[in-house]
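Trainee: Sequence:
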Amino acid sequence: MKPSNSRWKDHLGANVPPELSAEIDVFEHEIALKKQGKIEDKVFAETRLRRGAYGQRYDNGQRHDGIAARQLAYRDATTTKGPHTLWDAPGMQRIKIPFGGLNARQLE
Numbered sequence: 001m002k003p004s005n006s007r008w009k010d011h012l013g014a015n016v017p018p019e020l021s022a023e024i025d026v027f028e029h030e031i032a033l034k035k036q037g038k039i040e041d042k043v044f045a046e047t048r049l050r051r052g053a054y055g056q057r058y059d060n061g062q063r064h065d066g067i068a069a070r071q072l073a074y075r076d077a078t079t080t081k082g083p084h085t086l087w088d089a090p091g092m093q094r095i096k097i098p099f100g101g102l103n104a105r106q107l108e
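All residue numbers for the sequence shown refer to this note's numbering, where the first residue is 1 and numbers rise by one.
Please keep in mind that the hints were generated in silico from the structure rather than gathered at the bench.
We put the CB at the ideal spot given by N, CA and C, even for glycine.
Nothing false has been slipped in among the hints.
Simulated restraints, written as ranges between beta carbons of each label pair:
1) L102 with Y54: 17 to 25 Å
2) F99 with K9: 20 to 28 Å
3) I95 with Q62: 25 to 33 Å
The calculated lysine-lysine pairs, modelled on BS3-like cross-linking and capped at a C-alpha distance of 25 Å, are:
4) K42 with K96
5) K9 with K96
6) K9 with K35
Can you make the complete structure from the sequences, with help from the hints?
Mentor: Right under this line is the structure:
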């Protein structure tokens with residue numbers, strides 16, 4: 001895990017409810033286990049999808065450019081974050097907002 005990824009507690013620690021902080025800690029631990037090859041793709045896919053982290057399949061690392069299917073160059077072409085989803089492939093993040101309540105201060 002990148003050192004920058006562990007800084008969320010430095011900035012938000014006091015503002016994050018303990019149960020949410022614990023959930024984030026568990027997810028970070030599961031990410032570390034997946035990167036070590038200790039969690040299977042299907043199991044990790046389930047846990048990350050429940051938390052709103054979606055991987056893009058990109059046709060098994062290829063994209064058609066209008067002329068031909070071309071291999072996309074990823075730094076790591078072996079590690080996956082789910083079935084047929086390369087670890088470095090772009091993804092999207094769904095953010096849970098309880099009751100739809102969000103203010104400008106929370107976006108900082």
